[in-house]
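S.K.: In case you want the letters, here they are:
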Amino acid sequence: MTHLLEARSLDAFYGDFQALFDVDFHLDQGESAALIGANGAGKTTFLKVLTGLLPVPGQALSLEGVDLSNLGTHQIAALGISMSPEGRRLFPSLSVRENLQIGASVKRSGPWTLDRVQELFPILAEKAGTPSTLLSGGQQQMVAIGRALMANPKLLLLDEVSLGLAPVIVRDIYETLPRIREQGTSVILVEQDIGQAVAVSDRLYCLQEGRISLEGKSSELGRDAISAAYFGRAKEAS
Amino acid sequence: MEWVNAIVQGILLGGLYALFAAGLSLMFGIMRFVNLAHGDFIVAAAFGTLLFVDATGVNPLWALLPIVPIMMVAGYVGQRLVLNRLSGKDILPSILVTFGLSIILQNLMLEQFSADSQRVSAGTLDTSAISLGAGLTVGTVPFLLFVSAIVVIAVLNWIFAKTAIGRQLRATSDDPETVGLMGLDKRHLFGIAMALASAVVAVAGVLLAIKTNFDPAAGPIRLLFAFEAVIIGGLGSLWGTLLGGVILGVAQGLGAQIDPGMQILAGHIVFLVILVLRPQGLFPKKRGS
Numbered sequence: 001m002t003h004l005l006e007a008r009s010l011d012a013f014y015g016d017f018q019a020l021f022d023v024d025f026h027l028d029q030g031e032s033a034a035l036i037g038a039n040g041a042g043k044t045t046f047l048k049v050l051t052g053l054l055p056v057p058g059q060a061l062s063l064e065g066v067d068l069s070n071l072g073t074h075q076i077a078a079l080g081i082s083m084s085p086e087g088r089r090l091f092p093s094l095s096v097r098e099n100l101q102i103g104a105s106v107k108r109s110g111p112w113t114l115d116r117v118q119e120l121f122p123i124l125a126e127k128a129g130t131p132s133t134l135l136s137g138g139q140q141q142m143v144a145i146g147r148a149l150m151a152n153p154k155l156l157l158l159d160e161v162s163l164g165l166a167p168v169i170v171r172d173i174y175e176t177l178p179r180i181r182e183q184g185t186s187v188i189l190v191e192q193d194i195g196q197a198v199a200v201s202d203r204l205y206c207l208q209e210g211r212i213s214l215e216g217k218s219s220e221l222g223r224d225a226i227s228a229a230y231f232g233r234a235k236e237a238s
Numbered sequence: 001m002e003w004v005n006a007i008v009q010g011i012l013l014g015g016l017y018a019l020f021a022a023g024l025s026l027m028f029g030i031m032r033f034v035n036l037a038h039g040d041f042i043v044a045a046a047f048g049t050l051l052f053v054d055a056t057g058v059n060p061l062w063a064l065l066p067i068v069p070i071m072m073v074a075g076y077v078g079q080r081l082v083l084n085r086l087s088g089k090d091i092l093p094s095i096l097v098t099f100g101l102s103i104i105l106q107n108l109m110l111e112q113f114s115a116d117s118q119r120v121s122a123g124t125l126d127t128s129a130i131s132l133g134a135g136l137t138v139g140t141v142p143f144l145l146f147v148s149a150i151v152v153i154a155v156l157n158w159i160f161a162k163t164a165i166g167r168q169l170r171a172t173s174d175d176p177e178t179v180g181l182m183g184l185d186k187r188h189l190f191g192i193a194m195a196l197a198s199a200v201v202a203v204a205g206v207l208l209a210i211k212t213n214f215d216p217a218a219g220p221i222r223l224l225f226a227f228e229a230v231i232i233g234g235l236g237s238l239w240g241t242l243l244g245g246v247i248l249g250v251a252q253g254l255g256a257q258i259d260p261g262m263q264i265l266a267g268h269i270v271f272l273v274i275l276v277l278r279p280q281g282l283f284p285k286k287r288g289s
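Keeping their order, the protein sequence lines are chains A and B. Residue 147 in the numbering used here is what sits at position 147 of the first sequence, and the numbering runs on without skipping anything. Residue 73 in the numbering used here is what sits at position 73 of the second sequence, and the numbering runs on without skipping anything.
Just chain A, with the same shape it has in the complex (with noise of 0.2 Å):
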């Protein structure tokens, strides 16, 4: 069976400095996988990557089959990948309930609407006139969230959703995640909580120093191999 997403020994690189090394990676439909690494390590290249804000011409990076390497970023995304970014971008000039809109420009149809999306977080219904720029981080987060809904994607990728956000609103948004996968989307998500991570995804890949150090079942790796591979302590004790 193909899977959704695949990667083969991926390298990206920004200019002359490598920032990804053989890097494989599989997702299929339905599927969820947290991504995890120190700070550094290669986890939003390789979102950037998959979106092709970086491009790696010629590599073996695909979406049901479909080459994504040689595409833009528009292409891509009308392919059914869509990104909550780190940072949230949203746009400053537009509302919220405009942030919301643009994201479905990809005209892609599904589940997603914008009143399923006010639905889902109800905030945004009532801050629908408001700027974007107004938000709370959190609501912030929701729209950059709501936004990549809209396009109805079959992968969501999520790059550090709980950064420089309260506990109880992290809570929050990640109590959504269930209802977003119901709809069988498939979704990546980056996260430096690494209990967060384990709890809310079916496998896990750990990132060190742009390489794969680890993969596995979320419910089946152990604390202790997590950690050894995200400090690189096995390595250093061979």
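No wet-lab data here; the hints were simulated from the structure. All figures in this text were calculated on a predicted structure; none of them were measured in a lab. Check before you lean on any hint, since a few could be wrong.
Pairwise CB distance ranges (calculated) [claimed, not checked]:
| id | chain 1 | residue 1 | chain 2 | residue 2 | range |
| --- | --- | --- | --- | --- | --- |
| 1 | A | 133 | B | 91 | 23 to 31 Å |
| 2 | A | 111 | B | 112 | 58 to 66 Å |
| 3 | B | 151 | A | 176 | 40 to 48 Å |
Only pairs whose alpha carbons sit at most 30 Å apart, straight line, appear in this in silico DSSO-like list of lysine-lysine [stated by the list, open to error]:
| id | chain 1 | residue 1 | chain 2 | residue 2 |
| --- | --- | --- | --- | --- |
| 4 | B | 162 | A | 107 |
| 5 | B | 162 | B | 285 |
| 6 | A | 154 | A | 107 |
| 7 | B | 186 | B | 285 |
| 8 | A | 154 | B | 186 |
| 9 | B | 162 | B | 186 |
| 10 | A | 217 | A | 154 |
| 11 | A | 107 | B | 186 |
Ideal Cβ positions, reconstructed from N, Cα and C, are used throughout, including at glycine.
Dock chain B against the given chain A, drawing on the hints supplied.
M.R.: Relative to chain A, chain B alone:
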């Protein structure tokens, strides 16, 4: 009374400057792109009007019908084929290329139309006037220009505020990289923005041809006034651009009232004073995060 008259004429002249400036403001606001050939595009549209009137003999206002769509298509194609290759973090390549484009355009027009100063006659419209009472009379053509500026800016504002494409253009202006994540092709949106700006250029060119004399080398001075109006108004609002144009026009009108030689200088002085006191312009672009 003469002073009031100078102010009123200055306000009307400001409408023309606002038309020059609106296209420039659009291009810079959305694409972060400085078009040094802007004035030459306007003069080219004015020569287009001349050709149209010579060929058909009808009132030059009819020239809007062919020239606006032609300029829009040319703007879109030019953006896709040439200018999109220059868009990036660095503003210098766009300045160099449009500077070259400006020289090419001026010389093509010189080759085609000679250096003679040209004028398009709008028949009785040229000399007709509207009385505003109290001894104030304004020419129909300047009045028409001012109204056109208001209509053009109102239409542009409506497009930006109410339509999906306007929303997409505002988002592109905020963050062109993230717009790609929404499945939108930045190159296409830049083309659309250029087409809109070119429509304004076309309107400005046709009205310029009716309002005043022009020759192939008339572009750069138009560009200068347009830049000044944009900078006075700030990049946050097209109404600010209109106000910038009006301030420039009134300054020139009052300058001319003091001494005819002061007209252009007075405009520049007011511009410089505003640049020093309020470098972000009267309506700066609001940025939050």
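S.K.: What's the verdict on residue 162 of chain B and residue 186 of chain B, does the C-alpha distance respect the 30 Å limit or exceed it?
M.R.: 20 Å, holds
S.K.: Would you mind confirming whether the straight-line C-alpha gap from residue 154 of chain A to residue 107 of chain A stays at or under 30 Å?
M.R.: 13 Å, holds
S.K.: Verify the proposed pairing of residue 154 of chain A with residue 186 of chain B, using a straight-line Cα cut of 30 Å.
M.R.: Within the cut-off at roughly 23 Å; holds.
S.K.: Is 58 to 66 Å right for how far apart the beta carbons of residue 111 of chain A and residue 112 of chain B are?
M.R.: 59 Å, holds
S.K.: Within 30 Å, alpha carbon to alpha carbon, are residue 162 of chain B and residue 107 of chain A?
M.R.: 19 Å, holds
S.K.: With respect to the beta-carbon atoms only, verify the hint that residue 133 of chain A and residue 91 of chain B lie 23 to 31 Å apart.
M.R.: Given a distance of about 25 Å, which is inside 23 to 31 Å, the answer is holds.
S.K.: Would you check the hint for residue 162 of chain B and residue 285 of chain B, treating anything up to 30 Å between C-alpha atoms as holding?
M.R.: 19 Å, holds
S.K.: Would the hint linking residue 217 of chain A and residue 154 of chain A be met if the CA-CA limit is 30 Å?
M.R.: 21 Å, holds
S.K.: Do the beta carbons of residue 151 of chain B and residue 176 of chain A sit within 40 to 48 Å of each other?
M.R.: The hinted range 40 to 48 Å holds for residue 151 of chain B and residue 176 of chain A, with Cβ atoms some 46 Å apart.
S.K.: Between the alpha carbons of residue 186 of chain B and residue 285 of chain B, is the straight-line distance 30 Å or under?
M.R.: With Cα atoms ~21 Å apart, residue 186 of chain B and residue 285 of chain B stay inside 30 Å; holds.
S.K.: Is residue 107 of chain A close enough to residue 186 of chain B, meaning Cα to Cα at most 30 Å?
M.R.: Measuring from Cα to Cα gives roughly 16 Å; hence the hint holds.
Checked against the numbered hints listed earlier, the structure breaks none of them; every hint is satisfied.
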